[in-house]
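*Asks:* For reference, the chains in residue letters:
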Amino acid sequence: MKREDSPKTLDLGPVDEFADGERRIMRHGRVSIGVFRVGDDFHAVRNYCPHEGAELCRGPLTGTNLPVARSGHMEWGAEGYVLRCPWHAWEFDIRTGRSYTATKMRIKTYPVEIREQRVHLILKAS
Amino acid sequence: MTLIDSDFHVTWSDNAALAEYLPKAWQQRFLRGSGHSQSGLPVTQPFYNPAAQGQPGGWSEPEAAVTWMENHQVEKAILHAYQAPAVSNFGDADYPSLLAEAFNQWLIDHWLDGRTELLGTMTVATQDPVRAGKEIRKRGSHPQIVQVALSAGTLQPYGKLGFRPIFEAAAEMGLPVVLHAGTEGVAVSNPPSSHGWPRNLLEYRVCPATNFIAHLTSLITEGLFSDLPDLRLVGLEVGGVLPLITYLWRFDKNYKALRSECPWVRELPSAVVKRHVRLGTGSAAIGEEHLYFELLESFGADEMLLWSSNQPRWDAVEPESDPHLKERTGWQVEKVGRENAAALYGMTSAL
Amino acid sequence: MSALMEHSKQTSRETMFPGIFDVEIHAHVPNSTILTRLPQRFRPAYQAGGMAHGKLNFDQRGGGNRKDASAGAESDPAAIRRELLEPLGICRAILTGGNYDTSIYADLDLCSALAAAYNAALIEEFLPGDDAFLGTLRLNFNDPEAAVAEIERWADHPRVAGITTSTAGIETPGSRRYDPIFAAAAEAGFIISYHTTQEGRALCPPPSSAGYPSRYVEYHSGLATSAIGHAASLITNGVFARHPKLRVLYLEGGIAWALPLMWQLDADWRRFRSEVPELKERPSEYLRRHIHFTTQPIEEPDNGRDLLAVYKAIGVERNIVFSTDFPHWDFDHPDRFLPSCFSRAQRERILYHNAAGLYDRSLQSWPLARSEVAV
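Protein chains in written order, with numbering that gives the first Met the number 0: chain A, 0 to 125; chain B, 0 to 350; chain C, 0 to 374.
Derived by calculation from the structure, the hints in this document are not laboratory data.
Certain hints may be false.
Here are the simulated BS3-like pairs of lysine-lysine, each with C-alpha atoms no more than 25 Å apart in a straight line [what the hints assert, rightly or not]:
id, chain 1, residue 1, chain 2, residue 2
1, B, Lys23, B, Lys133
2, C, Lys66, A, Lys103
3, C, Lys244, C, Lys279
4, A, Lys103, B, Lys273
5, B, Lys159, B, Lys273
6, C, Lys66, A, Lys107
7, A, Lys7, A, Lys107
8, B, Lys159, B, Lys137
9, B, Lys273, B, Lys334
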């Protein structure tokens, strides 16, 4: 159950009930936010792609071929942290909000804290 | 302002003169079959061009060429022999390699030696990339050889691994690689468009732009510019820069989605192009001058263009009437007219 | 009704914006449905799939569809309405489907049979799924007799708007061998939509003159160059000179390339008119009169004003039409895809009026219902 325990935080419930690999998309006022659990980490990003406004958080969350200096080999990494926009497949890292595509576009990230075994989404953009 | 002309054509008027540079075993082939591949396919343009009839394919004597330069304030000219890169379109490998080497030496002896105002484009036969690399390191060391021409018409895009020795050698020697329109579809190379053979001259003349774009895309996505940061690519008579600008509006967008296919490309294709690619001004169709320059200025094309006269061919321009050399606000005419070429070809000495 | 009322009705009809006219939806007619329409003798071949299927290059994104479209949405009219037509306010949707390979295989009879089966399945079973749908035919361009027969079979159907085919084919698209097809299409008022696809597959030449690409990003970007060569072929080989009523539409090929192409062809026509005697006007005139373009996937210059300038030079008042390409990945959202410098009038022309002009015949034969018009 979500309770607003302060104007700037959303309580998303017990950590145990937010499974590894789960994502939740929630609305707070005019803003839609996606919260993801990856292993023991939680990440939250604005559910809005800066390109054409797609619901970013409905895209696949995978790894990617990391940028490398030389051709001829691929280096798979960032497994579980690369969010691809469902429309044009732009890649964003949910840890930093940065795009992999050499554009300056970033998505807003929000801190997530665990307090007393409960997941708290801090509604102030990082 | 004195100019650097990045597309100045030369040719040989006497086959015997060039044949002398070939080993005796091949001279007869050149003299009898010049202009044909071993498979018998002609190495000439397949469409009748009424405007080219009776027009020279290039300067055949240096004095006339140098006189023209003096009359038009052209301080340096980069020489191209129109037919030379077609050696790569023959079906065999030995003879084309020898012919390329013969041509290169002929160019040095007949045109470059003693004339520092002339700079030369060598060529290689891509059928034997290792041998081509050796030729680039050898004759490419001549101080007046400034770039390496490859045939625009091919069987494979230039980003493919097999061509690497050529690009590595060129980058090592600080020599740009140039693709000049004209050999698309020649001899054994692919048809000039993705639709097979064009049926008329106008349809054919659209092909150099799309062909160049295909090679450029290949070179970028296969990582040639990532692996060889010193590599530079030049496109001559490929429709100028506007087709490339509109293409980049799509290619950049695709890259943002598909970057993970080529993770060694770590910046937008347009950024790669702006650093690594230069284009001649010749053959650019300027339908509406105001709109043309508006689009070029928006892209920053004056950083990329190399003024090219294409003299003495049928579609040559004179600098006095070339819109690319007209003063206009926001247009760096000195860059187009000389500085881009000077920087590209390493002309650091006082011009 | 008084003349004044008629006039104001007419005026409001011209300036009203009834909704979006989407000229490309990849509605998918299931293979099983097509199979039932295919003569028995072709079914084993079709089911065995031995017709050079398969993509050229592995595609890293994980497939061609938007990830927020439901699985199989393209085969379900109700899903199309729920996920696309309603949310975006689309009042007319041209189904351009899949099955673009009916002109690229060696077995001519199989290709013609496939085209006919697809057409019957689409028109009789899929189109009725939603009033907004208009359909397009498949043809085997390599069998002009069969293709003309298909056109004539469906020419009077009120919900068939045209033909969708691939840009890629076995010979240059402006070839005179296709003349009977162009004539029949023009006679029927059918728009021919050329989708950039099939380059390098089956009997088609390599996707570019340089040869085969290594990666999908090369291939997909290069499709724009295929569209350039295609348009050049149609124009310079006199297709529009011989078929003055024919109109064509490029799907997903891009638009901006048409500007340097027009300039190049016009300059060459001035010089080499003798080589193309069928052309009685400048090539750019033929282009502007006969060729249309979908916006999707929209080109994205850094400066939106450049896009507007190019669109204006090509024909934003007439030739440029919106499409979603649902459910494909490179979808453009109608509210957000155009740079802000486009005026509202220009947006509405792109979103509705230009397509209404192009598909005027279909709007007469299958008009917007009063209930569809948002006044």
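*Asks:* Find the hints from earlier in the document that the structure breaks and name them by number, from lowest to highest.
*Replies:* The structure conflicts with no hint, since it agrees with every one listed earlier.
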